[in-house]
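Join the two chains, each given in its own frame, into one complex according to the hints.
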Amino acid sequence: DAMVIQNPRYQVTQFGKPVTLSCSQTLNHNVMYWYQQKSSQAPKLLFHYYDKDFNNEADTPDNFQSRRPNTSFCFLDIRSPGLGDAAMYLCATSRGGFTPLHFGNGTRLTVT
Amino acid sequence: RKEVEQDPGPFNVPEGATVAFNCTYSNSASQSFFWYRQDCRKEPKLLMSVYSSGNEDGRFTAQLNRASQYISLLIRDSKLSDSATYLCVVNKGNNAGNMLTFGGGTRLMVKP
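If you read the protein sequences in the order shown, they are chains A and B.
Each residue of the first sequence is one higher than the one before, counting from 1 in my numbering.
Each residue of the second sequence is one higher than the one before, counting from 1001 in my numbering.
Hints listed in this document are in silico derivations from the structure and should not be mistaken for laboratory results.
Only true hints are included.
Cut-off 16 angstroms, straight-line C-alpha distance, at most; resulting in silico cross-link-like pairs (EDC-like, lysine to aspartate or glutamate):
1. A:Lys38 - B:Asp1039
2. B:Lys1002 - A:Asp59
3. A:Lys44 - A:Asp59
4. B:Lys1079 - B:Asp1057
5. A:Lys44 - B:Glu1003
6. B:Lys1111 - B:Glu1015
7. A:Lys44 - B:Glu1005
Since the structure is predicted, the reported quantities are computational estimates derived from the model, not experimental observations.
One chain only, chain B, in its complex shape (with noise of 0.2 angstroms):
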């Protein structure tokens, strides 16, 4: 099983939907969670940190869920700005914050 796990996509959506993935890590001591986006050929850029509790920035909504190990992203009233991938990044483990690993991110598709 890999370490981080995302569906590849892509998801195909329209403008205006709500879309929503997620992601699956291995380790139960991880500690850390973020959702970083990249666009073709560029570097990763952070998008939203995940906390316990969840967390909202505008649009995007991110949630961890520890008894299943998943965290996830929701996007609300996508827009076309939106395509991109969609990285999901864990550290490896609780006395490793320093060790983060990605997933192999998932490509959304937003369409006019």
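Just chain A, with the same shape it has in the complex (with noise of 0.2 angstroms):
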């Protein structure tokens, strides 16, 4: 089936300790977005990709950052991990052009 995949569902870091966050669609879609969702909060929109132009949100901090080498594959690079990045990150997709977005079924990130 097509879908969108994050790894690992569960990753537990130090604080400080780089880590990174993996997605992979076989939706062939041209968009590819990152959110951040914390406990009882909505998912807030970190960045997104539109093939490979990068769109980053204002108040992203510069801690965050992203790859997509090809279509299929999105990365989150979070490069200091402080106690306050600990949520729940989800890859979305979509076609583009009002379209709705495809969940992955997320990474749960603890900070140490």
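Here it is in structure tokens:
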């Protein structure tokens, strides 16, 4: 089945230790997104790619970076995780142009 | 004013009841609207897109009121399995089809 896959499901990292979360898709969608969701809050858009065109939200901290080496894969790099970065990280895709989002099952990040 | 606002609830309703949620949005140029359902500690899943003419899918009816800038979701004959958080998603504006913003979600609890 075509889908969005995130790995790992659960990630534990130490304060300040870089961590990378990965997302892959078989939907062949143009747009890939990274959202951060903290407990009892709405998902917050960090950035998105339209093909190779990177779009950063104005309030996304510099600590968060992303790479999209090809259509299928997208990575979220957190350079120096703080305790406040503990959250669920959701990858999503869309065809763009006012179409809905398709989410992966998320990576829950714990920072110790 | 938040870009997308929802009553957080919780809405506690008995099985079989009809319940409705509203979601207001601030950008009059928004073009695409969606309702998502999110279960605890899971990813959001698309429930339905919202079209100008209104649309229905089984027990669920979505409507758009552009003049007052809100969308609504009506659930008839509530089931226990409808208990979840319902998120409305709106794009940021006419030229931002890819920029999708979430409301804070409305929590629904259906009781026996």
